[in-house]
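Novice: Protein chains in written order, with our numbering: chain A, 1 to 226; chain B, 227 to 483.
Please note that a few of the clues may not be correct.
[Said to hold, decoys possible] Partial selection, computed: residues in chain A whose CB lies under 7 Å from chain B: (1) A122; (2) G127; (3) M128; (4) S129; (5) A131; (6) I137; (7) P140; (8) Q141; (9) Q177; (10) A203; (11) A207; (12) K214; (13) I217; (14) P218; (15) G219; (16) Y220.
[What the hints assert, rightly or not] With a straight-line Cα cutoff of 27 Å, these simulated BS3-like cross-link-like pairs (lysine-lysine) come out: (17) A:K214 x B:K363; (18) B:K263 x B:K465; (19) A:K52 x B:K263; (20) B:K239 x B:K263; (21) A:K52 x B:K239; (22) B:K263 x B:K419; (23) B:K363 x B:K303; (24) B:K363 x B:K304; (25) B:K340 x B:K239.
The hints are simulated quantities; they were obtained by calculation from the structure and are not laboratory data. Beta carbons: idealized from backbone N, C-alpha and C, even for Gly.
Chain residues, written in single-letter form:
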Amino acid sequence: MHAQLNAVIDAFPYLLFGAVNTALIVLTAMGIGLVIGVVVAVGLVYGPGWLKLLLSAYLWFFRGVPILALLFLFYFGLFSYLNIQINALAAVAVVLGCTTGAYQANIFRGAIMSLPRGQFRAASALGMSDAAAIRSIILPQALRISIPAWSNEYSIILKDSALAFVIGAPEIMARAQFVASRTYQHLPLYLAAGLLYFLLTWAGVSALRKLEHKVRIPGYSGEEQT
Amino acid sequence: MNSREIPVLQADKISKSFSGQRILNRVSVNLKRGEIKVLIGPSGGGKSTLLQCINCLVLPDEGSISLAGAEVDLRNKKSLYQLRQQVGMIFQDFNLFDHLNALDNITIALRKVKKISRTAAEQRARLELEQVGLGDKTDLYPAQLSGGQKQRVAIARALAMDPQVLLLDEPTSALDPELIGEVIAVIRSLAGKGMTMLMATHQISLISTLADEILFMEAGVIVEQGAPSQLLVPGCGSKSAGFCDRLSELADGECRC
Numbered sequence: 001m002h003a004q005l006n007a008v009i010d011a012f013p014y015l016l017f018g019a020v021n022t023a024l025i026v027l028t029a030m031g032i033g034l035v036i037g038v039v040v041a042v043g044l045v046y047g048p049g050w051l052k053l054l055l056s057a058y059l060w061f062f063r064g065v066p067i068l069a070l071l072f073l074f075y076f077g078l079f080s081y082l083n084i085q086i087n088a089l090a091a092v093a094v095v096l097g098c099t100t101g102a103y104q105a106n107i108f109r110g111a112i113m114s115l116p117r118g119q120f121r122a123a124s125a126l127g128m129s130d131a132a133a134i135r136s137i138i139l140p141q142a143l144r145i146s147i148p149a150w151s152n153e154y155s156i157i158l159k160d161s162a163l164a165f166v167i168g169a170p171e172i173m174a175r176a177q178f179v180a181s182r183t184y185q186h187l188p189l190y191l192a193a194g195l196l197y198f199l200l201t202w203a204g205v206s207a208l209r210k211l212e213h214k215v216r217i218p219g220y221s222g223e224e225q226t
Numbered sequence: 227m228n229s230r231e232i233p234v235l236q237a238d239k240i241s242k243s244f245s246g247q248r249i250l251n252r253v254s255v256n257l258k259r260g261e262i263k264v265l266i267g268p269s270g271g272g273k274s275t276l277l278q279c280i281n282c283l284v285l286p287d288e289g290s291i292s293l294a295g296a297e298v299d300l301r302n303k304k305s306l307y308q309l310r311q312q313v314g315m316i317f318q319d320f321n322l323f324d325h326l327n328a329l330d331n332i333t334i335a336l337r338k339v340k341k342i343s344r345t346a347a348e349q350r351a352r353l354e355l356e357q358v359g360l361g362d363k364t365d366l367y368p369a370q371l372s373g374g375q376k377q378r379v380a381i382a383r384a385l386a387m388d389p390q391v392l393l394l395d396e397p398t399s400a401l402d403p404e405l406i407g408e409v410i411a412v413i414r415s416l417a418g419k420g421m422t423m424l425m426a427t428h429q430i431s432l433i434s435t436l437a438d439e440i441l442f443m444e445a446g447v448i449v450e451q452g453a454p455s456q457l458l459v460p461g462c463g464s465k466s467a468g469f470c471d472r473l474s475e476l477a478d479g480e481c482r483c
């Protein structure tokens, strides 16, 4: 018991730094995914036919191929083929960003389509351009509706980021595995890794819950709930 | 030429089909400044489509639209945006922006379309809200307003853009009977100030007292057109009179406005 505890205590700063890397990967990926997701969703709802076709191909690709395969494909395949020098952390962030971008696009698309058509129509009737209507009327509402699903996406991507260890990105999982293989204290180290993931999930999900509460529209149902 | 004689709005031979079905068949409407015309007729007759074609929320298949004598290029998005700035629209189901309070429902277009500063936009919005009797509701969101209040905010929102013409698509039809009166009062005061309006309505009191002209639409065509004093004479046998009689019979059971 003593040896196990010591192993975790000794390795903790090292693991914690891994958690910082994990957080960086996930925040970057979610940020990339947010930009891609909003642009793709708007294109899918309001764009011309050829653009819709192109964007759904993007969605099919990133939703249809496992993240592990994508990581190998991009890191060992595409990036080295194109001679792009990129470290493992950045590569993971880009691949996860493109993947979550596809899923987020669908979240936002669903939210946009759930808005009453009259919202866009009323904006047009006031002389707003399509772009202004989407920016000022449609997206502020659609993004609010999307927060719960987006928070799901965050917790999924956070845990998918553990796959980064296969290409050697120094995040939680890679570091836990590295220490465990040297100290043979598998149980306490993977428990510690699990705990770190849990804490990151909890922090992100509760922050998003707060955000949801903060931007809710007064007078709508759901106001009474926490 | 005297500018008063050029109609503010001319919609000429507008046609529109949806999936092969002809909804509007070469319909023409002219509005002179200060004139109020009322569209009546059975549902599905094309009233709503006509209104939406006039400010190009629905693009007409054929026909032309002119504002103050200048024809609008229907294939150019910019000219459509400009047309819509000058032709206000009031919807049956209000369509307030749900995420904005009453004040910002009005300021948003002033700021984003007319590029007016926030302070000036808010000043104007307060003024418009006071005009419709909602000066104390600026901070409330659509979900916190009654139907009648929502429609009054919608009217204030349209008026803040200083439109040349106001199109109203059954502005009282989605309201509970006891809330209709407040909206009618606002529309009456607009008429008193000389606002040019084209309105689809089933509200008998608006038809008989406000209209300079009644347009009776059926199956995508204006089948009758004339002043209420001609068309609504009892026993004159017009479609409009028959239609209004049926409306009043229905209305008598519910409310007197």
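Novice: Determine for every hint whether it applies to the structure shown.
Specialist: To see whether the hints hold, each was checked on the structure:
no., hint, result
1, A122, "4 Å, holds"
2, G127, "3 Å, holds"
3, M128, "6 Å, holds"
4, S129, "6 Å, holds"
5, A131, "10 Å, violated"
6, I137, "6 Å, holds"
7, P140, "5 Å, holds"
8, Q141, "5 Å, holds"
9, Q177, "46 Å, violated"
10, A203, "27 Å, violated"
11, A207, "21 Å, violated"
12, K214, "13 Å, violated"
13, I217, "5 Å, holds"
14, P218, "5 Å, holds"
15, G219, "3 Å, holds"
16, Y220, "5 Å, holds"
17, A:K214 x B:K363, "22 Å, holds"
18, B:K263 x B:K465, "17 Å, holds"
19, A:K52 x B:K263, "42 Å, violated"
20, B:K239 x B:K263, "17 Å, holds"
21, A:K52 x B:K239, "35 Å, violated"
22, B:K263 x B:K419, "15 Å, holds"
23, B:K363 x B:K303, "35 Å, violated"
24, B:K363 x B:K304, "34 Å, violated"
25, B:K340 x B:K239, "31 Å, violated"
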